[in-house]
Amino acid sequence: MEKYISLAHGDGGELSHRLIRDVFIEAFGDGNAAMFDAASVAISASKIAVTTDSFVIKPIFFPEGSIGKLAVAGTVNDLAVSGAKPVYLTCGFVIEEGFPIADLRRIVTDMANEARKTGVKIVAGDTKVVERGCADGVYINTTGIGVYEANIGCSLEFEEGDAIIVSGTIGDHGIAVLAARGELGITVPITSDCASLNRMLEMVLQHTEGVRIMRDPTRGGLATTLVEIAEDFNLTMKINELDLPVKKEVHGVCDLLGFDPLYIANEGKAIIVVAANEKDKVIDLLREFPEGKDAVVIGSIIGKDKGQLLLETPLGSKRLLTRLSGTMFPRIC
Amino acid sequence: MEKYISLAHGDGGELSHRLIRDVFIEAFGDGNAAMFDAASVAISASKIAVTTDSFVIKPIFFPEGSIGKLAVAGTVNDLAVSGAKPVYLTCGFVIEEGFPIADLRRIVTDMANEARKTGVKIVAGDTKVVERGCADGVYINTTGIGVYEANIGCSLEFEEGDAIIVSGTIGDHGIAVLAARGELGITVPITSDCASLNRMLEMVLQHTEGVRIMRDPTRGGLATTLVEIAEDFNLTMKINELDLPVKKEVHGVCDLLGFDPLYIANEGKAIIVVAANEKDKVIDLLREFPEGKDAVVIGSIIGKDKGQLLLETPLGSKRLLTRLSGTMFPRIC
Amino acid sequence: MCVGVPAKVILKKEYSAVVDVMGSQTTVGIIFVPEVELGDFVIVHAGQAMSIVDESYARQSVEEWRRLIDARNSEAVK
Amino acid sequence: MCVGVPAKVILKKEYSAVVDVMGSQTTVGIIFVPEVELGDFVIVHAGQAMSIVDESYARQSVEEWRRLIDARNSEAVK
Amino acid sequence: MLEILKQSSNPEICRPLAEAVIEIALEFNRKFGRKPAFMEVCGSHTMSLARTGVKQVLKNEVNLISGPGCPVCVTDQRSIDAMIALAEGENRIICTFGDMMRVPGSAKTLLDSKIAGKDIRVLYSPVDAVRVAEENPDKEVIFLGVGFETTIPILTLMIGEAEKRMIGNFSIWMTTKLVEPVLRFLLDAGEVNLDGFLLPGHVSIVLGEESYQYLVDEYQISGVITGFETAELLSGIYKSIELALSGQAAISNNHPAIVSKTGNQVIHQWLDKYLTNCDEAWRGIGVIPNSGLDLKPEYDQFNAKKRFTVDVGEPRKTKCRCGEVIRGLIAPNECPLFGKACHPINPVGPCMVSAEGSCAAYYQYMRESF
Amino acid sequence: MLEILKQSSNPEICRPLAEAVIEIALEFNRKFGRKPAFMEVCGSHTMSLARTGVKQVLKNEVNLISGPGCPVCVTDQRSIDAMIALAEGENRIICTFGDMMRVPGSAKTLLDSKIAGKDIRVLYSPVDAVRVAEENPDKEVIFLGVGFETTIPILTLMIGEAEKRMIGNFSIWMTTKLVEPVLRFLLDAGEVNLDGFLLPGHVSIVLGEESYQYLVDEYQISGVITGFETAELLSGIYKSIELALSGQAAISNNHPAIVSKTGNQVIHQWLDKYLTNCDEAWRGIGVIPNSGLDLKPEYDQFNAKKRFTVDVGEPRKTKCRCGEVIRGLIAPNECPLFGKACHPINPVGPCMVSAEGSCAAYYQYMRESF
Ligand code: SF4
Ligand code: SF4
Ligand SMILES: [Mg+2]
Ligand SMILES: [Mg+2]
Ligand SMILES: [Mg+2]
Ligand SMILES: [Mg+2]
Ligand SMILES: [Mg+2]
Ligand SMILES: [Mg+2]
Ligand SMILES: [Mg+2]
Ligand SMILES: [Mg+2]
Ligand SMILES: [Mg+2]
Ligand SMILES: [Mg+2]
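Chains as they are written, first to last, in this note's numbering: chain A, 1 to 333; chain B, 1 to 333; chain C, 1 to 78; chain D, 1 to 78; chain E, 1 to 370; chain F, 1 to 370.
Hints in this document: simulated from the structure, not taken from any laboratory.
Do not take every clue at face value.
So the derived label-pair ranges between C-beta atoms look like this [said to hold, decoys possible]:
1. Lys-293(B) / Ala-250(E): 49 to 55 Å
2. Gly-313(F) / Ser-155(A): 56 to 62 Å
3. Pro-315(E) / Ser-56(C): 47 to 53 Å
Beta carbons: idealized from backbone N, C-alpha and C, even for Gly.
In isolation and in its complexed conformation, chain A is listed as follows (with noise of 0.2 Å):
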């Protein structure tokens, strides 16, 4: 077989059938998807949870994942913050002419074993090549369709008090991949915490009450996804400070280089918004898998009227938090 990609992978050709059959099939292994315009496949319910996300990350591979990891893993935990159970997964393929084509068998690897390790199916799936200097290596698309099982899932109905627990440290993923890309010369010993969480999350699901809200921080970190939550919900949030749990290598890099962890990308880690009483349950359940060890409450909902999300200091002042706006982080997802 040839060592690069070129146009022809992506022509629809010959050239194309053999890339399926030797790359896809070999490592999605349905060679029947391909026989098909679109699969075919069983549904369970009647109500399914929809998701799809591009995947643009430079380096395609960085400690501890990959892009191929990272698309799936990404695209089941947003299935899996919804209080969904991922079961199909899509991938789209944009092919940078001249790419590599055991870097593409290595992608393709790393994402079928995440799929076998979260048990979604690969379904579908699609291949275009653009000329050399029209994509940054390769792009990946993966969209997922997920289950909602009977009487679980997530209330939306929250109340003042409820608390705010993030599953783990914050900024890894961020941190380790800007430091992979090494354009900083910086050397960070953190890796990505590119992880699937469905399973975990499905455990507090099934085993508690009361969560109001799950998301997954990832692009534009921590806060602004807790900022979009407020906004959408009309709640006022409070989260403290000392309480962020955040790895002192991430905090070193940072103070290097301006960054403020509440927003790096993570792309391991869940928020759960959950009722107070069921707090401690919840962070006994996350901690009992490696990904949810450093869970911690980190804030409270404090209102239900102005959709602000607010930081306490050390000091103990309080000040707002606003999305992300406008500084220029590379590509990290």
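With chain A's structure known, arrange chains B, C, D, E and F with the ligands on it following the hints.
Leaving out everything else, chains B, C, D, E and F with the ligands in the frame of chain A:
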């Protein structure tokens, strides 16, 4: 609002938020979807069809179409030829820094219009921005979900003598797009055939029996799609060169450039393999639609053993057709 | 590197002409056929008109083909 | 354009040094602090070490803060 | 007139014409106890005969042998390697016809270089290369000048254009071939037994009917100038058999609508102005004296071979039998690699990849099954 | 030692320290019937005071006024426009600190130019600009040299590096500012009533404690050299109030661990070698003589202002009151555009976009609600 897309429009922060609010929700209408990581939608079947495609066409606007219209119609068609009724669509954008927001609006409006026309709902989306020089304007992934209606569909029970129908002239899309690129210095009075075929194909499935399979001959053209069918189902198929519907202008351009209309992409055509005794009915039904007015029988299944596609020349000789092999067509889908 | 394509001259400039090929238009060089006139058919190779098609000869060729066929048919009848 | 960050020198070269910032490492210029030694803490601004942190003064400052607090506490007790 | 031109592919003419050819071929067979054998000199003829089905329809009655007429295929391996090496240089834009891209060099192809990031552009209209040079003044723009008599005039146009616009960063890597010297070589070698040549219509536009007289005068062999459409091909073959039956050697112009007696004189002037004869190396044959055209020394500034040096090693040996295919000694499917190790996606020799290559023509258009 | 350094943000120290500050401020208030007022000279102080919450915690008891210490903010509009115009030239790579990107020029921002395709690079480590020049020999690489005393030494390092490596395509667009001249301007103008200055720790690394003596000798006003961590800020303010209460003007070094009496002498040598005083135009103030540093004439080859000419028209007039904010005459939220027409996504003035801008600090860190 800004005039051009910047990296900050893709960082998940305030500018991303505004872009989603002012461009996407504005066009697609459903603001609720943006509040969750996944859309929650009702589904009324136990079997669904799932398909995904990325669109990387150049130029993004072309006669009678755009990447937006194409991204909806292309995925709708993959569902429709699978015998499913398209119901939901997701869209993932990868946008190059510096892309005009006015163009993005036009594209998104085209998507919304085509979705409305076909009756699908766009339920989830994603936007990523990459640095200048890391994409060519905009790439769009759409993923489609369709539902199968009871007792309607393709049988896959092929018989010798089954007719091969194409729903109209071939090569229009590819030639129109190539000409629109302007690089060839050719003026062609041909517009893209880009169209959603779901209504037409639904009609065919509802009112006839004996449809074996349907496909849309996009990338790779008619020949490549038929070779796929022949190989996948081990059929010997024969088509007649004299019966191929090709507009004379398409013929002329192909002569000038050394292309073969059999390998040129279509974006609003279906291939239908149907029992011989139903072929006239299918043709009649197709011709009731503007998209099907040039529908003709182009060949038949002549054996069930070899997995080959043959072309009968005007002189009466036969030759084997293979997949498009390694010619370097520019991006036309 | 393809065989010549016949194209009709629909606009003549000094060194180039717009030609029509079954309804599509393109511009070709006419340096090699300076005598070409509007309405002429030319044989285009790699963007250049290489020769002007002589209609009477073209007609003759077709007639010759028909003669060959007819001869054979009448022979067959014999 | 950010405030200086204290970093510990863990490898010294001629014009640069590898420093540790809470467990992450980076290379900084030391042209402005040629006397720096392994184990020293430096204040880094835009990739350059600008000053060496004097430990006894740092300790003094902390003690001063504590004195301020204690003074106040004892006053409050009074 | 379009109506007249269209008749050349009208099945109502072509089908009976094919029967007429078969009939006269049978007559030949009855008379001589063998099939008549003709060589189509030109790669475009090879392709057209295969694509239209003429070759298949006649396969039992007429022996149509492909000749050394695919310009890419006849280019020797060292020359191919040199062009690929040329593309490796920094700050260059290589412009080429599309079918050079996948031609296997000893180590790689131009396509491999393009994929690896070299600026290699396929042009539909070669004269555009001059514009590319104008638009990229800080790059060297080199056109790969591969071709026979039909293409060579276009190369001179490019030089004329670059000269007129005083473009200093444009040059052509000339590796052209002429029909007459190679026909003489084949006839002198006497390897193939032929009843005549199908002479290429478009080359003949340039050369003219009279230029072939040496075939009759020196080799007593016929030649029929033939077009590329179905009826043109069939009637050319018909005429060839007729001549063979008559026992008389002659040159016949079966394409008079576009081919004149003396060829295109304007083109001759262009060729004379810029070009001079040179020796060329042919694949499977070796150097044939005066078998190509190179730029005259006064145009050295446009001559890439004078401006750039490339290092190429000894060409890699393969089992490819293109050399024999080109000389008409074997048919493509007689090569043991045909369709197995060698196919258009992974060609071993240029004959499998050029748009005019015999192996490609055979693979694409003449297989009825596999 | 890290343990010691960490104490500066230890809440168990910081919270009681804040109370101590409040207490002594109240004492001041009791004595003088008003809040003590100090100006933090430096933009980094402004940011740190806001981000740590010190400013809010003390807002009722201490009047902390932001001064002209954000290098981007004090750069006058014509100079900003010139840098943006510079980026419009062909074949250039502009290297800059990140917070220049969104600074509004009269017509556009550097970010707009970048989005439109200009090669504008944000560097974390400015010395990398020299490497960029080395790697792009056919481009002119220009660093936008905006900064106060902390940053200026780094510019000289870059020149030194370019000189050593003989890099001909590198230059700096110098538009630097010095603390002393602007403090003198403010004091001479007498617009703000102050009980002292919070003097910036990092600038003081370069200048040294003794360099501020003119404040005491000529203006009878105190200055406390202060770090940027919570406890450092609080204790600096504490000391400032203490001095104010004592009635004695003095310079106090509250950051002795990194600031010496005479400053960093190695840095002084670098500054002396390459730079010379020059007049600079300040936003909202106008030209202050000798208020900046420029390259000495012998380094003209590295001086972008000598190598390139840019055309800039009359700066566009806006309702932005940055000039007054810089001089400490109004607080950001007294500007009618604050948080409405002007916010970080769509800044009207540089004070809303620079990482050290007062309006940005206020918007990002001091709003408790909206
Ligand atoms: S089939 Fe391939 S290997 Fe054989 S002669 Fe032809 S090109 Fe060469
Ligand atoms: S709020 Fe904006 S407009 Fe007002 S002074 Fe600050 S920067 Fe200028
Ligand atoms: Mg399809
Ligand atoms: Mg999503
Ligand atoms: Mg996501
Ligand atoms: Mg597809
Ligand atoms: Mg790239
Ligand atoms: Mg999410
Ligand atoms: Mg698809
Ligand atoms: Mg499709
Ligand atoms: Mg998303
Ligand atoms: Mg581009």
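Structure-based check of all given hints:
Distance hint check: the CB atoms of Lys-293(B) and Ala-250(E) are about 53 Å apart, consistent with the given range 49 to 55 Å. For Gly-313(F) and Ser-155(A), the Cβ-Cβ distance of about 60 Å falls inside the hinted range of 56 to 62 Å, so the restraint holds. With their beta carbons about 51 Å apart, Pro-315(E) and Ser-56(C) fall inside the hinted range of 47 to 53 Å.
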